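Student: Going down the list, the protein sequences come from chains A and B.
Count the first sequence with full-length UniProt numbering and you get residues 1 to 373, in order.
Count the second sequence with full-length UniProt numbering and you get residues 1 to 373, in order.
For the record, the hints were derived by calculation from the structure and aren't laboratory data.
Just so you know, not all the hints are guaranteed correct.
Which copy is meant is left open, so a pair is good if it fits within one copy or across any two.
SDA-like cross-link-like pairs, simulated, lysine to any residue; straight-line CA separation at most 25 Å [as the list claims (entries may be wrong)]:
(1) Lys282 to Val147
(2) Lys85 to Leu207
(3) Lys283 to Phe145
(4) Lys282 to Phe145
(5) Lys85 to Arg138
All of these numbers come straight from a predicted model, not from anything done at the bench.
Number of protein chains: 2
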Amino acid sequence: MSESTVETGEYPAPLSSDGVPRPRRAAEDTPGHDAVVLLERTRGVVDPELRAAVQSLPVQLRRIALYHFGWSHADGTPAAGNAGKAIRPALVLAAASALGGANARAAAVRAAAAVELVHNFTLMHDDVMDRDTTRRHRPTAWAVFGVPDAILTGDALQALAVRLLAVDPHPAAGRAAARLAECVIELCAGQQTDTALEQRAPGEVALDEVLAMAEAKTGALLGCACALGALYAGAEDEVVAALDTFGREAGLAFQLIDDVIGIWGDPRRTGKPAGADLAVRKKSLPVVAALTSGTPAGAELAALYTRPHTAGDGAEIARATVAVEQAGGRDWAQAEAADRMARAVQELARAVPAPEAAGGLLALAEFVTRRSS
Amino acid sequence: MSESTVETGEYPAPLSSDGVPRPRRAAEDTPGHDAVVLLERTRGVVDPELRAAVQSLPVQLRRIALYHFGWSHADGTPAAGNAGKAIRPALVLAAASALGGANARAAAVRAAAAVELVHNFTLMHDDVMDRDTTRRHRPTAWAVFGVPDAILTGDALQALAVRLLAVDPHPAAGRAAARLAECVIELCAGQQTDTALEQRAPGEVALDEVLAMAEAKTGALLGCACALGALYAGAEDEVVAALDTFGREAGLAFQLIDDVIGIWGDPRRTGKPAGADLAVRKKSLPVVAALTSGTPAGAELAALYTRPHTAGDGAEIARATVAVEQAGGRDWAQAEAADRMARAVQELARAVPAPEAAGGLLALAEFVTRRSS
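Make a model of the complete structure from these sequences and hints.
Tutor: So this is what it looks like as structure tokens:
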């Protein structure tokens with residue numbers, strides 16, 4: 001790996017296995033094509049492990065978990081299923097594959113399922129805490145089965161994740177379990193901080209705090225997924241750490257872009273009304289950048305944010321949207337997202353110097369940061 | 001071990017290390033003395049491990065956990081602490097000691113702390129679900145910090161338990177983690193069933209269902225604690241299973257006696273008004289035994305239970321109390337508790353034939369089943 005590759009985070013043209021640059025095939029040039037293929041392959045190998053784990057739950061908890069994963073309707077009858085995009089398990093498998101080839105990838109399937117179980121346990125609990133009534137276009141588990149059942153099923157999913165790793169004879173399983181437990185604690189701290197920041201006055205939230213919260217809430221599990229893949233490939237500590245940072249930074253880039261879309265996204269594509277985040281006074285990253293900008297537009301936004309939104313007041317949302325933009329919130333978020341992605345790619349190049357080996361992880365990171373735009 | 005020992009579950013007179021029967025010293029004859037000593041010793045070695053784990057949490061989660069364990073006040077200032085009786089960690093250490101001596105006992109301290117973390121994670125979540133506002137004579141964590149923070153801190157305590165075992169180099173740690181994860185799932189299922197049974201009509205609850213629920217909710221973790229101690233002593237599978245059953249049966253005996261006390265206990269000793277369980281229409285074990293007795297008193301109780309209790313109606317509580325007794329609920333519960341304890345002692349004798357080695361576990365089981373009477 002040349003020094004300049006690390007500095008710029010750019011990979012040279014793809015090389016064939018004999019080291020000679022080769023042209024890309026047309027299908028590979030379709031944006032997101034590689035990632036979509038990886039995600040489909042991931043669902044193909046991880047879903048059976050995931051379903052077997054969920055099927056092992058006691059009957060009532062199983063029913064709620066099957067519903068949450070989209071594998072059954074509320075009445076228990078089978079459903080076509082929409083268990084999410086499987087980005088985290090795909091990162092586990094892509095990291096294992098990048099560093100240890102097909103054998104490591106095959107060995108890491110349980111770890112990939114464990115990461116997906118942890119992700120879904122946090123979704124179930126977050127929905128309870130945030131009182132969100134819709135997830136993946138369906139009523140949330142607590143909205144259907146009640147708060148106690150959703151809390152208990154989330155608890156059981158965390159335990160299922162642990163059990164998957166605890167019964168895995170792979171030599172990396174113990175370290176993976178410790179790493180995943182560490183990540184759960186970080187996820188909880190991130191969610192805790194998110195709730196606390198939302199309750200503070202607009203002028204009392206620092207940009208560093210929101211960035212740290214977003215890293216814990218969104219970046220930590222993406223980083224952990226990559227780290228687990230690296231552990232299953234038997235990678236050195238510094239390679240594991242570099243892939244962890246790759247996932248974290250890509251996760252933060254995703255969050256920044258997601259927050260931009262939450263304000264300026266096309267309602268026909270986001271499925272949410274324009275400015276929905278502003279209407280609920282969400283302290284998203286571009287908003288806090290604007291609030292802390294020291295500009296007149298930032299002060300105007302702070303004044304708007306101290307009053308609750310009147311439902312249907314489109315003019316007020318329009319004023320807030322313009323204020324975030326004039327205060328530099330949009331530009332900052334987009335530049336920050338680009339910086340984070342550059343850092344992610346640098347770390348990836350450090351951990352996986354061969355561009356061919358790194359291709360899957362790169363494709364997933366690009367997919368993640370583009371998926372809702 | 002003679003066959004008759006297994007059958008009757010009775011230990012012969014204590015033997016000295018050279019096999020000669022020795023007289024008991026006076027202090028050992030004080031009921032509960034051995035158990036109290038064991039519990040104090042347990043707190044002495046497990047608390048530092050437990051505190052170190054809690055101290056490693058991110059600051060906000062740590063504050064809530066320290067409060068829950070009684071180690072700090074709500075404002076964060078240090079408190080004298082009342083983290084509970086440490087029965088579960090004492091069972092871990094006593095089981096390890098019974099089967100592997102002092103070395104196994106010392107090796108099992110992390111596992112003992114992990115069991116206590118799991119116990120406390122379930123307490124925090126149960127308090128949220130049951131809306132209980134008091135625990136160990138203080139406001140519950142959710143009542144002080146809010147529901148989201150209590151859910152998140154509970155989640156983090158489960159992860160802390162996993163991390164303790166995942167970083168433990170002991171060869172039994174992996175199996176212990178799997179066993180503990182399995183137990184968490186059973187605890188969740190037990191709590192789920194408890195909530196579901198409480199919502200059913202009095203005539204629609206079977207005694208077997210309530211017994212199974214009580215075994216999952218109360219017996220499972222006591223059994224798991226004993227099993228973990230056995231694993232850390234390197235015991236054979238059947239010995240681990242026998243100690244698991246010992247803990248489960250003792251736990252069920254405890255629950256039966258606790259339920260009797262919930263109806264006939266002395267308010268000055270229980271700290272709750274007489275008949276408190278009847279006032280909230282709790283479907284405790286003696287109540288369900290009465291409801292399913294097919295007696296006129298059982299029918300009278302069912303009729304009372306279909307109507308909500310009028311606060312302060314002491315005559316109605318008195319009628320319900322007499323009805324449970326006349327329907328045989330009290331006698332059944334006491335006989336069932338005795339049967340369960342006999343079974344527990346049988347299993348203990350099977351797992352640990354030497355009475356001297358089994359003494360600690362026996363003392364703890366007796367303490368548990370007598371502690372609230």
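Student: None of the hints should be skipped; say for each whether it holds.
Tutor: Consistency of the hints with the structure:
| no. | hint | verdict |
| --- | --- | --- |
| 1 | Lys282 to Val147 | both (24 Å within a copy, 20 Å between copies) |
| 2 | Lys85 to Leu207 | neither (30 Å within a copy, 45 Å between copies) |
| 3 | Lys283 to Phe145 | between (30 Å within a copy, 22 Å between copies) |
| 4 | Lys282 to Phe145 | between (28 Å within a copy, 22 Å between copies) |
| 5 | Lys85 to Arg138 | within (16 Å within a copy, 44 Å between copies) |
When each numbered hint is compared with the structure, a violation occurs for hint 2 only.
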